[in-house]
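Here the protein sequences line up with chains A and B, keeping their order. Heads up, the first sequence is in full-length UniProt numbering, so the first residue is 1 and it goes up one at a time. Heads up, the second sequence is in full-length UniProt numbering, so the first residue is 1 and it goes up one at a time.
Quick caveat, the hints were computed from the structure, so don't treat them as lab data. Please note that a few of the clues may not be correct.
The list makes no distinction among identical chains, and a pair is therefore deemed to hold if it is satisfied within one copy or across any two copies.
[Claimed, not checked] Each computed SDA-like pair below joins lysine to any residue, with the alpha-carbon atoms no more than 20 Å apart:
{"hint": "1", "residue 1": "119", "residue 2": "51"}
{"hint": "2", "residue 1": "307", "residue 2": "296"}
{"hint": "3", "residue 1": "160", "residue 2": "51"}
{"hint": "4", "residue 1": "158", "residue 2": "1"}
{"hint": "5", "residue 1": "132", "residue 2": "82"}
{"hint": "6", "residue 1": "260", "residue 2": "272"}
{"hint": "7", "residue 1": "132", "residue 2": "318"}
{"hint": "8", "residue 1": "286", "residue 2": "296"}
{"hint": "9", "residue 1": "158", "residue 2": "118"}
{"hint": "10", "residue 1": "260", "residue 2": "309"}
It should be emphasised that the depicted structure is a prediction, and the values quoted were computed from it without experimental measurement.
The chain contents come next:
Number of protein chains: 2
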Amino acid sequence: MVEPVVVVHGGAWAVPEELWDESLQGVKAAARRGYGASIHCYCGVLTAGGSSVDAAEASVVCLEDNPVFDAGTGSVLTFDEQVEMDAIIIDGTTMEAGAVGAIRNVLNPVKVARLVMEKTDHIMLVGDGANKFAAAHGVQEVDPEVLITSLARQTLAKYKKYTSTVYHLFNKTEKPETSGHETVGCVVVDREGHTSCATSTGGITAKMPGRVGDTPIVGAGGFADDQVGAVSTTGHGEAIMKACLARHITSVMGTGESVKSSIQNGLAHMESRIKGFGGAIAVSCKGEVGTHFSTPRMTWAYIQAGKLHYGIHPNQHVTEDL
Amino acid sequence: MVEPVVVVHGGAWAVPEELWDESLQGVKAAARRGYGASIHCYCGVLTAGGSSVDAAEASVVCLEDNPVFDAGTGSVLTFDEQVEMDAIIIDGTTMEAGAVGAIRNVLNPVKVARLVMEKTDHIMLVGDGANKFAAAHGVQEVDPEVLITSLARQTLAKYKKYTSTVYHLFNKTEKPETSGHETVGCVVVDREGHTSCATSTGGITAKMPGRVGDTPIVGAGGFADDQVGAVSTTGHGEAIMKACLARHITSVMGTGESVKSSIQNGLAHMESRIKGFGGAIAVSCKGEVGTHFSTPRMTWAYIQAGKLHYGIHPNQHVTEDL
């Protein structure tokens with residue numbers, strides 16, 4: 001028997017002070033949501049459902065629905081002022097995975113990712129194909145305006161005002177100071193040691209249409225294997241893709257390193273080899289939790305053994321009774 | 001100084017007898033094309049260009065243009081009878097990468113992948129966004145009919161005749177016997193130990209619109225890092241994605257294992273954990289070459305030190321003078 005745990009993150013980046021409180025409340029609520037979904041299973045209240053995958057999905061849906069995060073509602077805008085979202089979910093027991101890239105007009109990309117996992121032979125569907133698949137499975141199409149916040153519009157406007165648009169649209173750019181990341185994610189292990197992960201994002205402000213980042217990539221935005229554990233990452237997507245960050249972290253975990261030092265190892269490699277920064281949450285199949293980030297801040301929270309843990313600043317770790 | 005080498009593959013699958021000769025001629029020609037492109041650099045004939053990335057691109061363009069392979073011209077068809085292609089290219093020196101997913105109507109997806117690598121901040125562009133980017137960079141749009149061979153049409157017709165179409169479009173399917181893979185790829189190391197990889201595919205017959213497989217995923221379809229070496233994979237895409245096969249193989253290479261046994265390790269893990277089959281080619285930054293496959297056959301060829309090596313059956317290794 002493993003002490004079950006639900007760990008969530010709300011993105012690794014600078015996180016300006018005006019968003020601290022709302023972001024922390026958001027990750028705490030999402031951890032409760034996922035843990036609550038799990039409890040049904042642990043207590044045997046539900047005979048069907050209530051798996052670690054259900055918990056991961058429930059937490060990420062909660063984060064997608066919260067407009068403070070760059071996922072689902074609140075997603076940042078592409079250069080042409082659209083919302084295009086990426087998401088992944090992985091069942092560590094079977095290593096089955098589902099993902100969507102550059103999907104539009106749906107409230108919860110992670111739900112579509114789960115449909116891809118469960119209803120197709122494929123792992124990843126992108127663009128119009130992903131939207132058509134979602135529609136065929138009864139996922140409601142929403143007006144894109146529903147997903148767009150005033151903060152997302154302001155951030156894109158600021159980006160366009162201070163950057164040379166033509167150059168930045170199709171050429172290499174300096175990273176604009178306004179392009180924060182509030183990608184969200186969750187990792188879970190249940191009492192039987194079954195692990196899962198889910199990650200969801202709107203990507204980066206002013207990204208080119210059709211850009212897919214690390215989030216929906218197995219081994220980059222997430223990884224789960226019951227033989228080791230589960231990881232969800234956040235940060236500079238292209239660096240995370242090059243580093244195969246989630247796979248790197250689980251590989252180190254597999255050598256017997258602690259979960260936290262495995263994350264530190266992965267982030268250190270990404271910084272030294274690729275000059276990239278980010279963060280990750282992870283859980284081992286034994287229920288050991290780790291969170292770490294090389295960015296100024298990352299919001300995270302987890303629930304285990306009746307306690308709620310959370311933090312946003314480096315070395316901050318607050319514990320509350322549930 | 002490293003003894004430079006160009007290694008190519010033409011896909012790991014059953015490869016029916018009527019395609020053996022054409023496939024072998026194709027990989028031999030592609031190895032020559034890439035090596036020739038490299039020679040310009042090694043001899044100092046060209047002062048610009050001629051990098052390992054140029055060699056990898058040149059080989060894969062040669063394979064994309066050959067209708068016997070499932071990449072570029074000759075790509076298999078989606079369930080709705082379209083060609084949607086995936087490709088990646090990685091420069092192991094910087095670990096910069098470029099990729100396209102579900103791109104249509106271009107002759108050489110690998111060239112667009114290289115443009116993504118060199119002209120954007122991103123790694124992956126998919127669907128319409130990838131096509132718009134290609135057009136903005138002067139890549140000619142072609143009539144999709146140009147890419148479609150009679151073999152591709154026959155293979156899809158056979159699939160549809162023997163499978164329940166509605167069920168298979170949006171539900172889990174048995175792998176049809178007709179869905180072979182002739183994904184193509186190349187790995188290169190030059191005299192300075194600079195590595196690169198490139199992989200390109202039309203995917204699998206009757207795939208759902210928008211399906212992206214392993215090929216354009218860093219760490220799945222390819223990986224390159226001058227500190228270790230370069231890998232290009234082929235086989236069942238979804239299994240390769242779950243296994244992060246290319247990253248797995250380079251990780252094992254990084255421990256000091258031989259290139260061949262690193263590939264064998266990766267394929268054995270994929271078979272035991274995920275029940276997946278495939279093949280890979282790899283080269284270390286020291287110029288050591290390896291090829292291996294767990295499918296019935298894989299066409300491969302390489303050129304090193306004035307010799308052309310090639311094979312298609314297990315344990316077959318033919319050597320010719322250049």
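List of violated hint numbers, smallest to largest: Violated: hints 2, 3, 4, 7, 8 and 9.
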